[in-house]
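With chain X held as given, fit chain R onto it using these hints.
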Amino acid sequence: MRRSIHILAILFLGLAASSVAQTLTIYSGRNEAFVGPVIVAFEAATGMDVEVRYGDTAPLVAQLLEEGSNSPADLLLAQDAGALGAMAAAGMLAPLPREILSQVDARFRSSQGLWVGVTGRARVLVVGPDLDDLPTSVFELTEERFRGRVGWAPGNGSFQAFVTAMRVIYGEARASEWLRAMVANDTRVYPKNTPIVEAVGRGEIDIGLVNHYYLYRFTAENPDFSGRNLFLPDADIGALVNVAGAAVVASSDRQIAAQHFIAFLLSPLAQRHFAAEVNEYPLVPGVSANPELPPLSQLATPDIDLAALSDLETTLELLLDTGALE
Amino acid sequence: MKPAPNSHSRQHVVRRRRGAPPAAILVPALVVATAVMLPLIYLVVRSTDASGGIWAYMVRPQTLVVLARTLLLVVGVSLASLVVALPIAYLTTRTDLPGRRLWFVLTTLPLVIPSYVFAYTFVSAFASGGLLSSSLGISFPIGGYWGALVVLTLATYPYALLTLRAGMLGIDPSFEEAARSLGRSGIKAFYYVTLPLLRPSIAAGSLLVALYVLSDFGAVSLLRYTTFTRAIYVQYENSFNRGNAAALGLMLVLLTGLILLVDARLRGRGRVRRIGVGEGRRSPRRVLGRWRWPAFLFLTVVIGVALAAPLTIIVAWLARGLAAGQGVTFEWAPVLNAAGVSAAAAFASLVAAVPVAVLAVRFPSRLSALLERFSYLGYALPGIVVALALVFFGARYLPWAYQSQLLLVFAYVLLFLPQAVGNLRASLLQVNPHIEDAARSLGRSPIATIVSVTLPLMRSGLITSAMLVFLTTMKELPATLLLRPTGFDTLATRLWSWTEEAFFAQAAPSALMLVLVSSLSVAILLSQDASD
Chain X
1 MRRSIHILAI
11 LFLGLAASSV
21 AQTLTIYSGR
31 NEAFVGPVIV
41 AFEAATGMDV
51 EVRYGDTAPL
61 VAQLLEEGSN
71 SPADLLLAQD
81 AGALGAMAAA
91 GMLAPLPREI
101 LSQVDARFRS
111 SQGLWVGVTG
121 RARVLVVGPD
131 LDDLPTSVFE
141 LTEERFRGRV
151 GWAPGNGSFQ
161 AFVTAMRVIY
171 GEARASEWLR
181 AMVANDTRVY
191 PKNTPIVEAV
201 GRGEIDIGLV
211 NHYYLYRFTA
221 ENPDFSGRNL
231 FLPDADIGAL
241 VNVAGAAVVA
251 SSDRQIAAQH
261 FIAFLLSPLA
271 QRHFAAEVNE
281 YPLVPGVSAN
291 PELPPLSQLA
301 TPDIDLAALS
311 DLETTLELLL
321 DTGALE
Chain R
1 MKPAPNSHSR
11 QHVVRRRRGA
21 PPAAILVPAL
31 VVATAVMLPL
41 IYLVVRSTDA
51 SGGIWAYMVR
61 PQTLVVLART
71 LLLVVGVSLA
81 SLVVALPIAY
91 LTTRTDLPGR
101 RLWFVLTTLP
111 LVIPSYVFAY
121 TFVSAFASGG
131 LLSSSLGISF
141 PIGGYWGALV
151 VLTLATYPYA
161 LLTLRAGMLG
171 IDPSFEEAAR
181 SLGRSGIKAF
191 YYVTLPLLRP
201 SIAAGSLLVA
211 LYVLSDFGAV
221 SLLRYTTFTR
231 AIYVQYENSF
241 NRGNAAALGL
251 MLVLLTGLIL
261 LVDARLRGRG
271 RVRRIGVGEG
281 RRSPRRVLGR
291 WRWPAFLFLT
301 VVIGVALAAP
311 LTIIVAWLAR
321 GLAAGQGVTF
331 EWAPVLNAAG
341 VSAAAAFASL
351 VAAVPVAVLA
361 VRFPSRLSAL
371 LERFSYLGYA
381 LPGIVVALAL
391 VFFGARYLPW
401 AYQSQLLLVF
411 AYVLLFLPQA
421 VGNLRASLLQ
431 VNPHIEDAAR
441 SLGRSPIATI
451 VSVTLPLMRS
461 GLITSAMLVF
471 LTTMKELPAT
481 LLLRPTGFDT
491 LATRLWSWTE
501 EAFFAQAAPS
511 ALMLVLVSSL
521 SVAILLSQDA
531 SD
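First to last, the sequence lines map onto chains X and R. All letters in the first sequence, in the order written, are residues 1 to 326 by the working numbering. All letters in the second sequence, in the order written, are residues 1 to 532 by the working numbering.
The shape of chain X in the complex, shown without the other chains:
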């Protein structure tokens, strides 16, 4: 905590001298409702102008890859590690300084130092009230008792990151076998996470494979919403924690200012905002998560290098081959 404040102070002093009146252009795959207030606070604190281009992470990354070195972007905020990995693989990210990288646990940043996680997003099972015999692993979901009662979103990026992790840890064959068994068990397909949580709420299904924070948006609009999060125990692969992260675009001529922004995202102020408003896990030690959530330190997460999640093409082929994704 003290260390990060110390770093911030140095960074902002530097800013005052070097980069006032610069405009920083951010491509944000994160929603305006979540990052908008942080950007306003950053502008107020530094006097810099920030322009943000909001979009879905994947099309924004496709846009960045198409723009190449002509990109007007200085920074990318992405929903998942896979998108950052694709940018890193294309050589479009600039290395981040150690002072920024070292603030976040090594599990949640690029091993090459090209991107850093800002918040954590846990995979959970959202479960309805009718379920009394709870599963303890995603591998149980292929059992007969869950036939037709489980929902997933095979087209969703977070889901695919989870399947990629399963491939990496358990091997291609096991992942393929699980996917086929899930399909055979009449697992219901949804276009994305939100409709899954909604379907659990109206009793269409009893279990949904989703990220942890969707639930709280439904309970905010409807306090009687019937569904709750089940964090799987014992480092189950279904308890993977992915990150939403940030990176500096290599072709940017405002690298220092962009790094300042990332430092700001990791500041206690921004981290507290993400924890309170978005219900994601803060990744900087010292800032605690929403009290409704089990603390990140108590989650037994599978041991995996998130950079290994960038091989999405193999996962996509696997999903198509097993019939999970049509």
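Bear in mind the hints are in silico, worked out from the structure with no lab data behind them. Honestly, I wouldn't trust all of these hints.
[To be verified] Computed footprint of chain X on chain R, listed as stretches where at least three residues anywhere in the stretch have a Cβ under 8 Å from a Cβ of chain X:
no. : segment
1   : 291-302
2   : 316-326
3   : 388-402
4   : 470-482
5   : 485-498
[Unchecked claim] Only some residues are given here: those of chain X computed to face chain R with a beta carbon under 10 Å:
no. : residue
6   : I26
7   : D56
8   : L60
9   : G68
10  : M87
11  : N156
12  : E198
13  : D234
14  : E313
15  : L316
[Said to hold, decoys possible] Far from chain X, some chain R residues (derived; all Cβ distances over 10 Å):
no. : residue
16  : L26
17  : A56
18  : A68
19  : L71
20  : V75
21  : S181
22  : S221
23  : L222
24  : L258
25  : R286
26  : A344
27  : L406
28  : A505
29  : M513
Backbone N, C-alpha and C define an ideal beta-carbon position, used for all residues, glycine too.
Quick look at chain R alone, frame taken from chain X:
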């Protein structure tokens, strides 16, 4: 009985008499066709990155399955939307139905509702445990082919409706009167005379529907029916593989070519025009009598499903959020931005479409037919493909225009040009060239003739074209997200921003405003349409 043979011979006369098109028409048409080629060039360049080579990727069994599914949906929705649109067009133009104009406006309005909102409504209403199934105690199979068919029919029949209506208003009533005077019943006269006269409009409307279905992403993704567009998105979203996406995009281009060939057949070769006075006489209205009750029922059901149901869901979102004490904010800037770029897109599309349509109809040749067909390319491609093509060219070669409103409007023109070309073509076919010849013989130049004689006679086609492009642009999302100036919000981007993260109450004002502004523009445009 069909008027085609007679007018067909006239066509040959016309073709001989008019020689080469003036440069003032040919050059703009060539410029438009070149612009439309940009996405194709991009796809060819990018598809060289496809896994295992482009050809291997294109003939994979999975790709062929997607091809078959796409075709099934295109054919199904095209037919279904005609079945819905034809009676509405007839009832609102050719009968004494009380409140015709209001019915027409209401049945047109589903046009302003984005297809993903339709799909969302459909899912929340029909899914088991949803609104309808819990009150009726039954659940419907949602998703897949039938779900996509229903949702896309609701979302696209207005395109066919607007085109058919313009066509019906432009028909010279004397053809039908002749048939009646020769003893045909009203229904037979409609079937044997009016329907063949409507052929260009039916073809134009079906083509708009068919190609819309090809490019739609919102509905097929929520209802999980894999068409080419969904497969393309899956590649972008899930593996960031632009090569595979481009290979699929090229398949989509081939499929579009196939549909355009079928359409050329459907159009027929006959040409039918009004002769006599330039100011068209209106067809007499058919007295409905007792038949107006089933007509009301039909229209009410269509409006209920296609307009009232999605609006109810949106209002319910708002009410639920307000009840839960959520603050709902609303800004005017996205409204003005959306209306501004949509109006610019409508105007620019007309400017681009007039030379293409005039060339195709007045100077028929292989080249002019080809140029007209080319204009449909962008419309059949998913918005994200056209947008990425312009990102590719814009960021490289036009950095001053990249992420400006100019390039954004340009993208809209590429995407929605056929909505103007198709309607202008159909309405131009109904303008007798002898009137233009008269103007020429009185000393007008070819261009002055088009401006002062032809365009005023095409009034209802021009209005319909502008309206279609305006309304479709209002709800366009994927290209807007990629090409808008940074920080530039439209109603569609606001709607996306809120629904994406399930802030439905916050999304409601934008959705309602989208419907309101679009309805107002429909009303304004219709009040300009004196031919009703």
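**Request:** Let me know if the C-beta of X/I26 comes in closer than 10 Å to any C-beta of chain R, holds or violated.
**Result:** holds (9 Å)
**R/A344 and chain X, when compared Cβ to Cβ, separated by more than 10 Å** = Given that every Cβ of chain X is farther than 10 Å from that of R/A344, nearest at about 21 Å, it holds.
**Item:** Least C-beta distance from R/A56 to chain X larger than 10 Å
**Value:** Fine: 14 Å to the nearest Cβ keeps R/A56 off the interface.
**Prompt:** Within the segment 291-302 of chain R, is the number of residues with a Cβ closer than 8 Å to a Cβ of chain X three or more?
**Reply:** violated (count 0)
**Item:** Restraint check, 10 Å cut-off on beta carbons, for X/M87 near chain R
**Value:** holds (9 Å)
**R/L222 non-interfacial with respect to chain X [C-beta, more than 10 Å]** = violated (5 Å)
**Prompt:** Are X/D56 and chain R close enough, Cβ to Cβ, to be under 10 Å, as the hint says?
**Reply:** holds (7 Å)
**Item:** Proposed interface contact between X/D234 and chain R, which counts if any beta carbon pair is under 10 Å
**Value:** X/D234 check fails; min Cβ-Cβ to chain R is 29 Å, beyond 10 Å.
**Asked** Beyond 10 Å from chain X, beta-carbon-wise, is R/L71?
**Response** holds (16 Å)
**Item:** Assertion that R/S181 lies outside the chain X interface [Cβ separation over 10 Å]
**Value:** holds (57 Å)
**Item:** Coverage criterion applied to the segment 316-326 of chain R (partner chain X; beta-carbon cut 8 Å; 3 residues)
**Value:** Contact hint for the segment 316-326 of chain R vs chain X: holds, 4 residues under 8 Å.
**10 Å cut-off, C-beta based - R/M513 kept clear of every residue in chain X** = About 18 Å separates R/M513 from the closest Cβ of chain X, which puts it past 10 Å; holds.
The structure shown violates the earlier hints numbered 1, 13, 22, 23, 28.
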